[in-house]
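Visitor: What follows is each chain in one-letter form.
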Amino acid sequence: MQSLNLRLTLAASLVLSIFLGLAGWALDRAYRASAETAVREHLQAAIYGLLAAADMDRQGNLSRPEGLPEERFQRPGSGLYASVINAEGESIWQSPSQLGHQLPLPSQLPSGEWSYLRQASESGGELFVLSFGSAWELGKRSLQFTFSVSEDTAAYNAQVARFRRSLLGWFAALALGLLVAQGLVLRWGLSPLRRVERDLAAVESGSQEALTGSYPRELRGLTDNLNALVKTERARLTRYRDALADLAHSLKTPLAVLRGADKQNDKAQSLEQLVKEQTERMSQIVDYQLQRAATSGRTTLMTHVAIAPLLQRILNSLAKVYAESQLTLSLEVAEDVLFRADASDLMELSGNLLDNACKWAKQQVKVSAHIETEGNNQTLLLTIEDDGPGIAPEQRAAVLTRGVRIDSSVPGQGIGLAVARDITAAYGGKIIIDTSPTLGGAQFQASLCSV
Amino acid sequence: MRVLLIEDEDHLRTQLRDRLKTEGHVVDMAADGEEGLYAGMEYPADIAVIDLGLPKLSGIEVIKRLRSAEKRFPILILTARGRWQDKVEGLEAGADDYLVKPFEVEELLARLRALQRRAAGWTQATLQCGPILLDTSAQTVRVDNQPVDLTSYEYRVLEYLILHSGEVVSKTTLTEHLYEQDYDRDSNVIEVFIGRLRRKLDPDNTLNPIETVRGRGYRFVLERGS
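Residue numbers (my numbering), protein chains in the order written: chain H, 1 to 451; chain L, 1 to 226.
Because the hints were derived from the structure by calculation, they are not lab data. Any given hint could turn out to be false.
[To be verified] So the derived label-pair ranges between C-beta atoms look like this:
hint, chain 1, residue 1, chain 2, residue 2, range
1, H, Ala392, L, Arg19, 38 to 46 Å
2, L, Ala125, H, Lys430, 34 to 42 Å
3, H, Asp242, L, Arg81, 17 to 25 Å
4, H, Lys359, L, Leu109, 18 to 26 Å
[As the list claims (entries may be wrong)] Lysine to aspartate or glutamate pairs mimicking EDC-like chemistry, simulated, CA-CA at most 20 Å apart:
hint, chain 1, residue 1, chain 2, residue 2
5, H, Lys320, L, Glu107
6, H, Lys320, L, Glu34
7, L, Lys71, L, Glu42
8, L, Lys101, H, Glu209
9, H, Lys359, L, Glu104
10, H, Lys359, L, Asp202
11, H, Lys276, L, Glu106
12, L, Lys71, L, Glu34
[Claimed, not checked] Computed list of chain L residues with no C-beta within reach of chain H, every gap over 10 Å:
hint, residue
13, Arg19
14, Met41
15, Arg67
16, Ser68
17, Ala69
18, Lys87
19, Val88
20, Leu91
21, Asp96
22, Val100
23, Thr123
24, Val143
25, His164
26, Leu207
27, Gly217
Quantities reported herein were computed from a predicted structural model and do not represent experimental measurements. Backbone N, C-alpha and C define an ideal beta-carbon position, used for all residues, glycine too.
Let's have the full structure, built from the sequences with the hints guiding it.
Guide: Encoded structure:
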């Protein structure tokens, strides 16, 4: 299901209809039960009235109950009927209301017992029938009579139907009201999402830099990350565009050299040599610019990278590559050093610096790293030392740009250090070259800041 | 030596094959990962050159499968992207060295020689066995510090025997691992070569560096070191 609105509406409506249905059913049941109890109590009261009004003569005949408690017993067709049968099952008395109505005779009941049932009437309706067996003592004789009172269900049915109608009416109004309320709540509750959508569209179309509105707390994580993503994406785009421009621009020099090669009269340099040099240079330019475009630099979306395992992986790899030189590669990094950065940036940086150290080292290369915290800012200090010849102070600045300067035409120089410098710059840091105090060779200290 | 070359770029593959053959190596080629894995499993390679970006089966995967099948020959990976991520993954998968494209063929050959030597347990570019000194980078041989003039095939036979010193190397192995253009595999020319090599290295018959193991092949018997 694609729409949140639809989802919520459907779920809430389902719950609402189940609730209203169950409540209606329970109310209806309870109402009918109580109405029927009322009918039964009424019938019982009528029987007691009859019993009180009836009298027995000396011959054992039941005298006609006169002065009946209910006016309806007198009115024919009133819907309330009474009859009395004797032990032989013969009707000995019927209420005047039964005139013209043929009601089934009640069955005999032992004395003191009640019977309540619903019975079909001859007119197609239904009757509530309450019967009571009673014994009359006449000297030594005991005479059995069964008093029976019945009431047409029409009144009861009409009452229940009335109740149901009104119940339905109320519930319909309630359901409608709740649905409208739910719709409003949903609209109100989901409105920040619609706002985000609108703002995103604005960002997409370029009329807005970022999602700037104030959003509810639950959405802020999402919008903040979206903003970070937008920012990262934009930075990446700029980086690619710059790299592409730089790439095109810097390839022009070697291309110009090659194009002019056929007109070159100076035979000091053979054409073959020239092509080799210039293609190598072009290859380096491509590598360097690609690398620059790939460097992600500081973004807010980065995770913590464990430094020690990352450096260990590189050292293991270099140990293989430089197996011939039998170098001692040592790692001095605490296991718990974590730094927020792009893992591949860190890998590129340390790989290039360590590779360079291994290239120059006689026997030893040492890498150490630690974090300096200053307020919210963290700085990763990565120090790589070797016991090689070291770098003279006046060459130190040039070393970091060799191989990539537009005017440099010295082939065979790696671009590794220039890449390392660019990566540290992307993290607002720098590389400081010094003499290793312990190993005596070169020491490269790269600092990277995270926010 | 016998080189397994897995590279999907046709131009580079043929170029490398031609060069490796000129250098006297036997070359098995494959243009994709599956084919390469098959060749690596079936042919007795001494060394492999594997491009990382292969179709069908990635170079990393080929290396992992070769290594898990107990193939111990050195592997050099070629990668177009110079990313450390790729290099480290390749080396962790079981490769021994890497080369970033584009590269000089000379560089590749030097790396292959070094890997081959390392695989045999030599850390130096020069192999010294008694009075015999083999310089693998210059591809020259000296006996008692006197240069010995060997043909390229003779040199390769000697290098192979020294790199497998102590092991019996059959004639079939030699023909399978060393390429000689004019060489008829069915003939007994290999005996002629060994004979010539013995005479050049040991004219007075005092050293006996190469032993004949009857019916099985040859064995280089001089101990390492001077």
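Visitor: Next, verify each hint and record whether it holds.
Guide: Hint check:
no.: 1; hint: H/Ala392 - L/Arg19: 38 to 46 Å; result: holds, 39 Å
no.: 2; hint: L/Ala125 - H/Lys430: 34 to 42 Å; result: holds, 39 Å
no.: 3; hint: H/Asp242 - L/Arg81: 17 to 25 Å; result: holds, 20 Å
no.: 4; hint: H/Lys359 - L/Leu109: 18 to 26 Å; result: holds, 20 Å
no.: 5; hint: H/Lys320 - L/Glu107; result: holds, 17 Å
no.: 6; hint: H/Lys320 - L/Glu34; result: violated, 26 Å
no.: 7; hint: L/Lys71 - L/Glu42; result: holds, 11 Å
no.: 8; hint: L/Lys101 - H/Glu209; result: violated, 41 Å
no.: 9; hint: H/Lys359 - L/Glu104; result: holds, 19 Å
no.: 10; hint: H/Lys359 - L/Asp202; result: violated, 40 Å
no.: 11; hint: H/Lys276 - L/Glu106; result: holds, 13 Å
no.: 12; hint: L/Lys71 - L/Glu34; result: holds, 16 Å
no.: 13; hint: Arg19; result: holds, 16 Å
no.: 14; hint: Met41; result: holds, 23 Å
no.: 15; hint: Arg67; result: holds, 13 Å
no.: 16; hint: Ser68; result: holds, 18 Å
no.: 17; hint: Ala69; result: holds, 20 Å
no.: 18; hint: Lys87; result: violated, 6 Å
no.: 19; hint: Val88; result: violated, 5 Å
no.: 20; hint: Leu91; result: violated, 4 Å
no.: 21; hint: Asp96; result: violated, 6 Å
no.: 22; hint: Val100; result: violated, 8 Å
no.: 23; hint: Thr123; result: violated, 6 Å
no.: 24; hint: Val143; result: holds, 25 Å
no.: 25; hint: His164; result: holds, 20 Å
no.: 26; hint: Leu207; result: holds, 29 Å
no.: 27; hint: Gly217; result: holds, 30 Å
Figure legend: structure checked against the earlier numbered hints; hints not met, in rising order: 6, 8, 10, 18, 19, 20, 21, 22 and 23.
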